[in-house]
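Hey, can you work out the whole structure from these sequences and the hints?
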Amino acid sequence: MVKQVKQLDRVTIRFAGDSGDGMQLTGDRFTQETASFGNDLSTLPNFPAEIRAPAGTLPGVSSFQVHFADHDILTPGDQPDVLVAMNPAALKANVGDLAKGAAVIVDTHDFTARNLAKAGYGHNPLEADDLDEYAVHPVDLTGMTVEAVKDFGLSRKDAARAKNMFALGLLSWMYGRPTETTTAFLERRFAKAAQVRDANIAAFRAGWNFGETTEAFVVQYEIKPAPMVPGTYRNITGNMALSYGLVAASVQSDLPLFLGSYPITPASDILHELSRHKRFGVTTFQAEDEIAGIGAALGASFSGALGVTTTSGPGVALKSETIGLAVMTELPLIVIDVQRGGPSTGLPTKTEQADLLQAMFGRNGEAPVPIVAPQSPADCFDAAVEAVRIAVTYRTPVMLLSDGYLANGSEPWHIPEVADLPRIDADFATEPNHVAPGTGKAAGKDTREFWPFLRDEETLARPWAIPGTPGLEHRIGGLEKGDGHGNISYDPANHDLMVRTRQAKVDRIADTLPPLEVDDPSGKARVLALGWGSTYGPIGAACRQVRGAGFDVAQAHLRHLNPFPADLGDLLRRYEAVLVPEMNLGQLSLLLRAEYLVDVVGYNQVRGLPLRAAELAEAITGLIESTTHPASNGATRGARQEVTS
Amino acid sequence: MSTVELPLLGRPGTAGVPTADGPQNRKEYTSDQEVRWCPGCGDYAVLAAVQGFLPDLGLRRENIVFVSGIGCSSRFPYYLDTYGMHSIHGRAPAIATGIATAREELSVWVVTGDGDALSIGGNHLIHSLRRNVNMTILLFNNRIYGLTKGQYSPTSEIGKVTKSTPMGSLDQPFNPVSLALGAEATFVARTVDSDRKHLTEVLAAAAAHRGTSLVEIYQNCPIFNDGAFDALKGAKDSEAANAIIPLRHGEPIRFGVPGEDGLGTKGVARDRETGEIRVVDLGSAEGWSEADLVVHDAHAADPTTAFALSRLTDAGYLHQAPIGIFRQVERPTYDDQARAQLVTAAAANGSEQPLDKSSALAGLLHGGDTWTVV
Chain A
0 MVKQVKQLDR VTIRFAGDSG DGMQLTGDRF TQETASFGND LSTLPNFPAE IRAPAGTLPG
60 VSSFQVHFAD HDILTPGDQP DVLVAMNPAA LKANVGDLAK GAAVIVDTHD FTARNLAKAG
120 YGHNPLEADD LDEYAVHPVD LTGMTVEAVK DFGLSRKDAA RAKNMFALGL LSWMYGRPTE
180 TTTAFLERRF AKAAQVRDAN IAAFRAGWNF GETTEAFVVQ YEIKPAPMVP GTYRNITGNM
240 ALSYGLVAAS VQSDLPLFLG SYPITPASDI LHELSRHKRF GVTTFQAEDE IAGIGAALGA
300 SFSGALGVTT TSGPGVALKS ETIGLAVMTE LPLIVIDVQR GGPSTGLPTK TEQADLLQAM
360 FGRNGEAPVP IVAPQSPADC FDAAVEAVRI AVTYRTPVML LSDGYLANGS EPWHIPEVAD
420 LPRIDADFAT EPNHVAPGTG KAAGKDTREF WPFLRDEETL ARPWAIPGTP GLEHRIGGLE
480 KGDGHGNISY DPANHDLMVR TRQAKVDRIA DTLPPLEVDD PSGKARVLAL GWGSTYGPIG
540 AACRQVRGAG FDVAQAHLRH LNPFPADLGD LLRRYEAVLV PEMNLGQLSL LLRAEYLVDV
600 VGYNQVRGLP LRAAELAEAI TGLIESTTHP ASNGATRGAR QEVTS
Chain B
0 MSTVELPLLG RPGTAGVPTA DGPQNRKEYT SDQEVRWCPG CGDYAVLAAV QGFLPDLGLR
60 RENIVFVSGI GCSSRFPYYL DTYGMHSIHG RAPAIATGIA TAREELSVWV VTGDGDALSI
120 GGNHLIHSLR RNVNMTILLF NNRIYGLTKG QYSPTSEIGK VTKSTPMGSL DQPFNPVSLA
180 LGAEATFVAR TVDSDRKHLT EVLAAAAAHR GTSLVEIYQN CPIFNDGAFD ALKGAKDSEA
240 ANAIIPLRHG EPIRFGVPGE DGLGTKGVAR DRETGEIRVV DLGSAEGWSE ADLVVHDAHA
300 ADPTTAFALS RLTDAGYLHQ APIGIFRQVE RPTYDDQARA QLVTAAAANG SEQPLDKSSA
360 LAGLLHGGDT WTVV
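Residue numbers (numbering that gives the first Met the number 0), protein chains in the order written: chain A, 0 to 644; chain B, 0 to 373.
Do not take every clue at face value.
Capping the alpha-carbon separation at 30 Å, the derived lysine-lysine pairs in DSS-like fashion look like this [to be verified]: (1) Lys148/B - Lys162/B; (2) Lys26/B - Lys444/A; (3) Lys26/B - Lys440/A; (4) Lys356/B - Lys277/A; (5) Lys117/A - Lys2/A.
These aren't lab readings, by the way, just hints derived from the structure by calculation.
So this is what it looks like as structure tokens:
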């Protein structure tokens with residue numbers, strides 16, 4: 000039959016099912032097809048912390064959302080336009096998030112009384128008026144899958160497991176996705192199990208063919224490729240990009256990478272990924288605990304490697320003492336915190352940005368640590384390289400704050416040329432740096448010595464002298480050291496000097512930071528939206544919506560949280576109001592107020608999910624409307640007087 | 000899951016560490032820092048023994064690294080003119096693991112105490128031992144907390160009255176040798192601060208061992224636990240001879256105040272009924288003779304007998320303890336195997352040429368499904 004083709008500029012699809020239904024794989028494959036087609040895209044996997052929660056229950060629902068478009072997009076989408084629900088629980092857990100009129104494709108096979116009850120339905124929503132607001136497509140996905148693969152000799156249970164590929168085939172048809180990559184993927188994935196391979200491919204094709212032939216689906220959609228900067232692209236998750244960034248930084252600094260790590264969600268994938276790249280000289284050490292992970296990494300740094308540890312918030316708590324030791328010994332060290340919902344065990348698989356103050360202050364004593372945060376999944380690559388640059392140049396631990404959304408979310412990545420990556424110079428000390436005049440009998444005879452805490456005048460970094468270098472034998476440790484010579488010192492004035500010097504060293508990093516980029520297309524904005532980390536996408540999308548409605552708003556985003564860029568204070572003071580959206584209760588707001596005495600306005604949510612652009616746009620618009628224009632009546636609000644006067 | 004066998008045995012502990020160009024002396028290993036332990040502290044004797052022993056090791060001084068945790072003994076690295084790190088409480092084995100794994104050409108030593116290694120750092124100690132990272136751990140056991148001024152430690156005897164236990168401590172103490180054997184250690188020894196010769200012999204054997212060598216050193220704290228090891232100290236014909244059970248590989252375990260033949264009058268044998276290891280009196284009515292004594296086998300693959308010997312140590316006030324090398328067996332080390340995996344991975348591209356990392360990086364970044372926008 001001839002199908003109608005409709006043009007769309009963007010679509011958000013959510014695949015939802017049981018944890019065991021393969022929804023993450025389905026979403027990932029659809030994403031790869033979409034990426035190779037050339038749409039811009041952004042994804043949001045969402046899964047329970049339980050590995051296999053009881054089948055058919057609400058806690059067991061796993062989903063994968065993908066937003067793709069013919070233009071550049073910034074978020075995985077607020078409200079899905081399409082929901083694929085593999086069972087009653089998946090329908091119930093997700094239907095509330097849908098836009099009105101959204102398409103709901105339901106596998107009717109599991110809508111039995113027992114499964115409806117498990118999901119908490121007292122009735123069958125497909126037979127009642129629950130879904131009247133949506134375009135519901137009830138399809139027996141499981142039944143048709145079993146029929147399609149019956150020739151491969153699988154058990155009924157195994158045959159039914161290919162239903163996710165049937166669903167993928169159907170959606171691939173609906174949105175005109177190329178299928179070659181998925182077929183090739185299935186051939187690779189199940190190379191050793193011919194039956195399973197053939198069944199999955201058959202199910203995938205059956206899904207496509209069903210779409211093409213059935214009268215249940217009359218419309219096929221077309222979303223043209225998005226214009227993108229010329230170059231080679233791949234789709235990449237944050238954890239993958241971060242891993243690649245670390246390998247790249249290792250190559251660019253000629254420092255062998257040493258990862259000391261303890262498995263923790265959502266950071267473990269970095270350990271997994273790096274352990275696959277030993278040919279680059281990458282050592283991965285799965286330690287007995289978080290403390291040993293960072294301890295071994297710091298030992299490796301002391302011996303001249305690029306020491307890295309990866310964790311999430313609870314692990315940072317355990318590593319705090321060693322981070323302090325790295326501050327005190329002034330050794331390069333990368334601490335990666337893939338933030339998740341807290342406190343304590345919190346929400347292991349959900350996202351949050353509530354470790355900023357922990358990264359900033361979570362140690363005893365005055366222990367400044369530079370903080371870098373990526374703004375999108377692909378940006379994790381550049382953020383990792385930048386963290387290594389700071390750590391190596393300034394001989395300091397650096398905290399890299401990713402989060403659960405960045406870690407598992409994905410987007411197209413414009414692959415950089417290796418030649419364009421920055422070189423990082425470890426600049427190991429190779430000879431004595433100090434002359435000690437002889438005294439007593441040795442008067443007049445100078446001795447050349449090595450002083451481990453004699454600093455570079457520009458960066459205040461101390462020399463990195465690694466074991467094996469003759470003549471530079473020295474001892475470092477957690478006790479306070481005398482300025483220059485580095486021997487233990489309890490002198491009050493020396494401690495005051497050393498505390499201030501360690502702070503000044505971190506402050507000087509700001510000298511090397513580029514000016515902040517401000518996005519203010521009209522140049523007339525009086526309100527600034529300022530964020531950090533993974534909120535970049537939602538804030539950017541919200542600002543576009545606000546501008547689309549005829550208002551002016553400026554956006555800026557912080558990559559460096561400590562030290563702040565040198566021009567941040569001036570930027571804040573240029574605007575009548577500054578909105579700081581964060582997935583915490585106002586941690587950046589607190590730092591900005593303390594540092595600049597600017598009364599920024601917080602927009603705070605801790606739902607374990609990325610901010611929703613539409614809601615944020617309302618908040619921005621509200622702030623614009625409530626901001627008094629000084630030119631109109633000269634009045635300023637008391638709390639913001641310093642800003643506007 | 001599959002396992003990969005990597006034959007990496009038969010190398011001494013210092014293999015891969017560059018040797019010195021000429022003879023070295025104690026002075027070269029002495030830093031310019033003033034030693035600040037209490038007068039009479041057993042740590043002085045151990046420091047002197049180590050400073051005297053390191054020149055004999057014949058390694059380049061810049062390739063030696065001492066790592067310590069927190070406690071009196073952990074000041075040790077400051078007094079040696081090698082590379083050193085005085086780290087944080089209990090974590091020295093973890094830090095040393097990173098150093099030893101990252102750099103084969105370094106000789107790595109850990110200095111720790113009973114509180115540092117067995118209390119706050121217990122986890123790192125046992126995991127270092129099971130991994131068999133190539134390093135030597137000197138565990139100074141004075142059975143007390145010194146730096147915090149006299150609380151009981153995890154090796155203090157039950158009932159010990161200290162500042163924190165005015166009515167006596169309630170904790171069953173660890174026997175560090177038993178613990179190490181239980182943690183799959185490949186080299187476990189015990190020595191005494193006051194016996195310079197024995198201490199040096201054990202250090203030499205520990206350094207020569209490839210893997211984690213644990214050396215427990217009984218060390219007197221004259222301020223907070225003075226005399227804890229007095230029963231072991233004294234002339235060869237004194238009561239001390241009845242307290243020290245010397246272990247020498249390949250020799251029957253015989254000790255005690257010498258009899259008419261000039262040899263010890265005690266020994267270690269298996270009980271005829273239970274088979275358990277115990278101390279026996281030679282020539283007593285029970286009829287024990289030299290032929291009944293257990294011949295010490297430090298190289299036994301099964302650590303059972305070594306463990307039984309370790310249990311001859313008094314848990315309470317020390318009246319009796321075996322001294323020497325309990326166990327010394329070969330097992331591939333973690334760090335050798337980790338480095339071998341890097342070599343294997345780098346060679347996997349089939350090329351004889353060393354990996355060009357820049358082009359390999361470009362290949363990595365362009366891996367997976369890519370598309371090009373023109």
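Right, here's what the structure says about each hint:
1. Of the supplied pair hints, the one linking Lys148/B and Lys162/B holds, its CA atoms being roughly 8 Å apart against a limit of 30 Å.
2. Between the alpha carbons of Lys26/B and Lys444/A the distance comes to roughly 20 Å, so the proposed pair stays at or under 30 Å and holds.
3. Distance restraint check for Lys26/B and Lys440/A: the Cα-Cα separation of roughly 18 Å lies within the 30 Å cut-off, and the hinted pair is therefore satisfied.
4. For the hint linking Lys356/B to Lys277/A, the alpha-carbon distance of about 12 Å falls within 30 Å, and the restraint holds.
5. Taken as a hint, the Lys117/A and Lys2/A pair is broken in the structure, with Cα atoms around 38 Å apart against an allowance of 30 Å.
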